[in-house]
Amino acid sequence: MRKMLAAVSRVLAGAAQKPASRVLVASRNFANDATFEIKKCDLHRLEEGPPVTTVLTREDGLKYYRMMQTVRRMELKADQLYKQKIIRGFCHLCDGQEACCVGLEAGINPTDHLITAYRAHGFTFTRGLSVREILAELTGRRGGCAKGKGGSMHMYAKNFYGGNGIVGAQGQIFEAYNMAALWKLPCIFICENNRYGMGTSVERAAASTDYYKRGDFIPGLRVDGMDILCVREATRFAAAYCRSGKGPILMELQTYRYHGHSMSDPGVSYRTREEIQEVRSKSDPIMLLKDRMVNSNLASVEELKEIDVEVRKEIEDAAQFATADPEPPLEELGYHIYSSDPPFEVRGANQWIKFKSVS
Amino acid sequence: MAAVSGLVRRPLQQMTVRDAINQGMDEELERDEKVFLLGEEVAQYDGAYKVSRGLWKKYGDKRIIDTPISEMGFAGIAVGAAMAGLRPICEFMTFNFSMQAIDQVINSAAKTYYMSGGLQPVPIVFRGPNGASAGVAAQHSQCFAAWYGHCPGLKVVSPWNSEDAKGLIKSAIRDNNPVVVLENELMYGVPFEFPAEAQSKDFLVPIGKAKVERQGTHITVVSHSRPVGHCLEAATVLSKEGIECEVINMRTIRPMDIDTIEASVMKTNHLITVEGGWPQFGVGAEICARIMEGISEKLVLEYSQAVIIMYLNIHWIKRSETRDGQVTWFNLPCVQLPGCSCCSSHWC
Chain A
1 MRKMLAAVSR VLAGAAQKPA SRVLVASRNF ANDATFEIKK CDLHRLEEGP
51 PVTTVLTRED GLKYYRMMQT VRRMELKADQ LYKQKIIRGF CHLCDGQEAC
101 CVGLEAGINP TDHLITAYRA HGFTFTRGLS VREILAELTG RRGGCAKGKG
151 GSMHMYAKNF YGGNGIVGAQ GQIFEAYNMA ALWKLPCIFI CENNRYGMGT
201 SVERAAASTD YYKRGDFIPG LRVDGMDILC VREATRFAAA YCRSGKGPIL
251 MELQTYRYHG HSMSDPGVSY RTREEIQEVR SKSDPIMLLK DRMVNSNLAS
301 VEELKEIDVE VRKEIEDAAQ FATADPEPPL EELGYHIYSS DPPFEVRGAN
351 QWIKFKSVS
Chain B
1 MAAVSGLVRR PLQQMTVRDA INQGMDEELE RDEKVFLLGE EVAQYDGAYK
51 VSRGLWKKYG DKRIIDTPIS EMGFAGIAVG AAMAGLRPIC EFMTFNFSMQ
101 AIDQVINSAA KTYYMSGGLQ PVPIVFRGPN GASAGVAAQH SQCFAAWYGH
151 CPGLKVVSPW NSEDAKGLIK SAIRDNNPVV VLENELMYGV PFEFPAEAQS
201 KDFLVPIGKA KVERQGTHIT VVSHSRPVGH CLEAATVLSK EGIECEVINM
251 RTIRPMDIDT IEASVMKTNH LITVEGGWPQ FGVGAEICAR IMEGISEKLV
301 LEYSQAVIIM YLNIHWIKRS ETRDGQVTWF NLPCVQLPGC SCCSSHWC
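Chains as they are written, first to last, in the numbering used here: chain A, 1 to 359; chain B, 1 to 348.
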């Protein structure tokens, strides 16, 4: 019966009648949800941690799959555009780390506030901006989310404070830990541990690589950052901890980036291609979710492939826009220096060149 | 004459700069519950220099917050709070310590509105004493007017007297941009006459406008912060020799009110800039550059000689004060000024 259904659906799909194939696919009974075992988190100063099993609904599964695939494709498209020199400047890609941004968003509310460092494209998307706005910002066009003036590391959205280019202050983080704990601020400190700080492995940079313990008096969790369900459960746990008024908590997500640190780093001088390949074949977050969903009858391979096709198209359209959209006009070079001020003049490269500045 | 004027005049209120800043912050804390103050010793100690005296008692832990000694950390926390919609006043015990946090001031605060294409304003005030104090040596005496004044996206103000101090801190708090308020420790205890309008809860000194403290015709003297007082004293001394100085109190470093300075130089043809910072790449250097650019269009047409004398670092002015407060002025090194009408041998 199944084989016949599959054959019929193939024929009908060939006729490019989407609704028909959908009807056929929908008539096949999918499970509404499934329960999965997830890896236990390592705990620091915590009696108990997140649960080791979780329920994934079909709806959520499809949503997460689509989001992760979108981030993946968007990053790969950015890679392509960068190599074509349509994107310039800095470009730090997060492919491989999709489970982190999507899983995190799944565990918090849209009203929560999020801030991150320069590897920000994934978070910009999960916090609500469209691929179109993101790619157009990368290509520096006026349709970009920061009107082309921020670029890769300076994208902002509601309750999302970027995208920040200046990082790397170990001292600062400890100052922040101290004050957060002192004042019991409801803050989750997250370390996406992708094993390398630029080109330096964590073993060569950190006296202790147990980052989840380095909050000292702040409790911590070490989480499998390649498993979106693990990230989601850990985030839910951490968020509940903070919301209960107990103060800050730390989360270390063990993850991996396929690309180098940025587009100017090939990413193979400090690690082997074999290592990258191994992670890709054994721990890829999208593959892991897909296998889980297909094996538990939450979705079919065809359905997920359909999502792939849709995502690909969305990215293509966005890339077209990002390439064709004009750059912000030169007259706006001086805009947005001050907020809420009347317009004023800004001196240009010499005293006879003046730019108008509007808030 | 003195007796008559004494009968007619009512005594004006005297207010120290410290109390003026305190009053300004108090009024703004009362007016808007989003305003809060954080910094080292601001709460229970009443402020390292007692500028925030009484505020913690009045407003409590949530509005007046003592921080640990971690400038980078608490400046970052303040910037984050501003981004999320609060209106923090971040105090640096002196601006020398702001160097620890300067990345947060410049990169996280000043540049963000621009780099977000106008999406993310940062309504924060960074305030504290700036410049030289009494014998505290090099590391604790730097003037940061030129460094912060260099950066677009920041507003930088430098009050001299009580009126400036109250009006500017209130304007800074109400401004939706990051504002650096450069106070001066030695001025905190100095009382000034406080005009009636300054006593109002809505008294504001506009940011970006200089004030002519003393009208004059022979020479323009431009300054900011404590040196404004020295310039007025110098003007009094020179007045006895028949030289009338026009003393301009910049009040704002950025955006600089060059129009007021230019109008004055057009009138007097002579300019001296006086500051507490180092000469190279300083505030005076910027004023000279702008006057020269402006002059090249205006004064060349109208006057045969437009002269910038030189600008002086405060340490070059020889002012001697004995322990009992007696002040002597020494003449500065000679400068031969073409077209100068008074004399040919000493500075005028």
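Take the hints with a grain of salt, since some may be wrong.
Here are the simulated DSS-like cross-link-like pairs (lysine-lysine), alpha carbons at most 27 Å apart as the crow flies [to be verified]:
| no. | chain 1 | residue 1 | chain 2 | residue 2 |
| --- | --- | --- | --- | --- |
| 1 | A | Lys158 | B | Lys209 |
| 2 | B | Lys62 | A | Lys158 |
| 3 | B | Lys201 | B | Lys267 |
| 4 | A | Lys184 | B | Lys58 |
| 5 | A | Lys184 | B | Lys57 |
| 6 | B | Lys62 | A | Lys354 |
| 7 | A | Lys39 | A | Lys246 |
| 8 | B | Lys209 | A | Lys356 |
| 9 | A | Lys83 | A | Lys313 |
| 10 | A | Lys184 | B | Lys34 |
| 11 | B | Lys267 | A | Lys184 |
| 12 | B | Lys34 | B | Lys58 |
| 13 | B | Lys62 | A | Lys246 |
| 14 | B | Lys211 | A | Lys354 |
| 15 | A | Lys356 | B | Lys211 |
| 16 | A | Lys246 | B | Lys34 |
Rather than coming from a laboratory, the hints here were simulated on the basis of the structure.
Status of the hints after comparison with the structure:
As the CA atoms of lysine 158/A and lysine 209/B are separated by approximately 35 Å, the hinted pair breaks the 27 Å bound. Note on lysine 62/B and lysine 158/A: the hinted pairing holds, with a Cα-Cα distance of about 25 Å set against a maximum of 27 Å. In summary, the hint linking lysine 201/B to lysine 267/B is not supported, as the alpha carbons are separated by about 36 Å, beyond the 27 Å threshold. Using a Cα cut-off of 27 Å, the hinted pair lysine 184/A and lysine 58/B holds, with the two alpha carbons roughly 23 Å apart.
Note on lysine 184/A and lysine 57/B: the hinted pairing holds, with a Cα-Cα distance of about 22 Å set against a maximum of 27 Å. The hinted pair formed by lysine 62/B and lysine 354/A fails the criterion: a straight-line CA distance of about 45 Å is larger than 27 Å. Proposed proximity of lysine 39/A and lysine 246/A is supported: the alpha carbons are some 25 Å apart, at most 27 Å. The hinted pair formed by lysine 209/B and lysine 356/A meets the criterion: a straight-line CA distance of about 19 Å does not exceed 27 Å.
For the hint linking lysine 83/A to lysine 313/A, the alpha-carbon distance of about 20 Å falls within 27 Å, and the restraint holds. Distance restraint check for lysine 184/A and lysine 34/B: the Cα-Cα separation of roughly 20 Å lies within the 27 Å cut-off, and the hinted pair is therefore satisfied. The suggested pairing of lysine 267/B with lysine 184/A is violated, with an alpha-carbon distance near 60 Å, which exceeds 27 Å. This hinted pair checks out: lysine 34/B and lysine 58/B have alpha carbons roughly 15 Å apart, not beyond 27 Å.
This hinted pair checks out: lysine 62/B and lysine 246/A have alpha carbons roughly 18 Å apart, not beyond 27 Å. For a cut-off of 27 Å, the pair hint linking lysine 211/B to lysine 354/A stands: about 26 Å separates their Cα positions. Between lysine 356/A and lysine 211/B, the direct Cα distance comes to roughly 26 Å. Compliance with the 27 Å bound is thereby established for this hinted pair. With a C-alpha separation of about 24 Å, the suggested pairing of lysine 246/A with lysine 34/B holds against the 27 Å cut-off.
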